Amino acid sequence: MNKIELVELEEFDPAMGHIYSVTVDDSDETLYDLFLEENKADYRLELAEIITKLKTMSSKTGFTDNYFKLNEGTLGDGVCAITDLKGKLRLYCIRFGNILLVLGGGGPKSKLIRALQEDPKLLIENNNVRLISAAMAKAIREKELRIEEDGSIFGNETIVL
Amino acid sequence: MSKDIMASLAPVAVRRIETRMQVAKMLYDYLSIRGISQQEFASMMGKQPSEVSKWLSGNHNFTIDTLSDIGYYLNTDFLIRRDETANFRCVNVLQIKRQSTKTCDFRPFGISVFVSANDYLPNDKRSEKCLA
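Taken in sequence, the protein lines are chains A and B. Here my numbering is used: position 9 in the first sequence is 9, and no number is missing along the way. Here my numbering is used: position 132 in the second sequence is 132, and no number is missing along the way.
Just so you know, not all the hints are guaranteed correct.
[Said to hold, decoys possible] Computed Cβ-Cβ distance ranges for the label pairs, DEER-style:
| hint | chain 1 | residue 1 | chain 2 | residue 2 | range |
| --- | --- | --- | --- | --- | --- |
| 1 | A | 160 | B | 39 | 39 to 47 Å |
| 2 | B | 53 | A | 120 | 26 to 34 Å |
| 3 | A | 98 | B | 39 | 18 to 26 Å |
| 4 | B | 54 | A | 114 | 16 to 24 Å |
| 5 | A | 98 | B | 75 | 20 to 28 Å |
| 6 | A | 26 | B | 33 | 44 to 52 Å |
The set of hints was computed from the structure by calculation and includes no laboratory data. Owing to the predicted nature of the structure, the values given are computational and were not obtained by experimental measurement. Just so you know, even glycine gets a beta-carbon here, dropped at the ideal spot from N, CA and C.
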């Protein structure tokens, strides 16, 4: 992962907050697109539940922390996860308060697995999101990126890692 | 791609998820405004903090008894809000299933109403019809 680009997901009504995902190294698809593609065959219903939750949060409730599995990254990096109703699928994301969510990738989480490190796929996706969070934090500190009051992103949406 | 995926979830199921999330948010906001931590709230309710966390997750399907208990312990009727400024008395509450012949289940304008047989809305013809 050398370069990421933030892409706003237009399918979500941003009345209460904006949802972005990222493309990596000039890929045409965002990590969120890949998450949908990878899981739509076996977890269609679970994906639909996650999408419904995202739509509800962006349009009606905001991204309050009660909806997420928190502390999925390092301290204070905002990395968290959203799941379907039964917790079969996990989508890693970065939460910036209640107004901005950046979606990464994810995958199925078996109930037999207790720790993230036991699942190679989830480990990779989690690490990717941690890197993205760190890169965004750096860009914000260096004033290359700014988060507006409504949760939209202003500035250079392409970040070199 | 999302549209294809969403076709696998019936509109009524979508609405259920939205409702669960909004109920969770109501409770979350209420605890925040009152400065009650999840730990304290769990203690008040005689529950484990993990159960409260599940309640607030937006995944939980509350029973009416649990919602009633929450209102009791928080000393509020946050389940029921009356908007007296509306042209008709709009009781803005949670969606319920028909529990018995004594309660009504109807959905005017997307707002579900929870009333007992003794609590009617004079300007709402549907409530009159239901109580008839």
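Hint compliance check: list the failing hint numbers for this structure, sorted ascending. Hint check: nothing fails, all pass.
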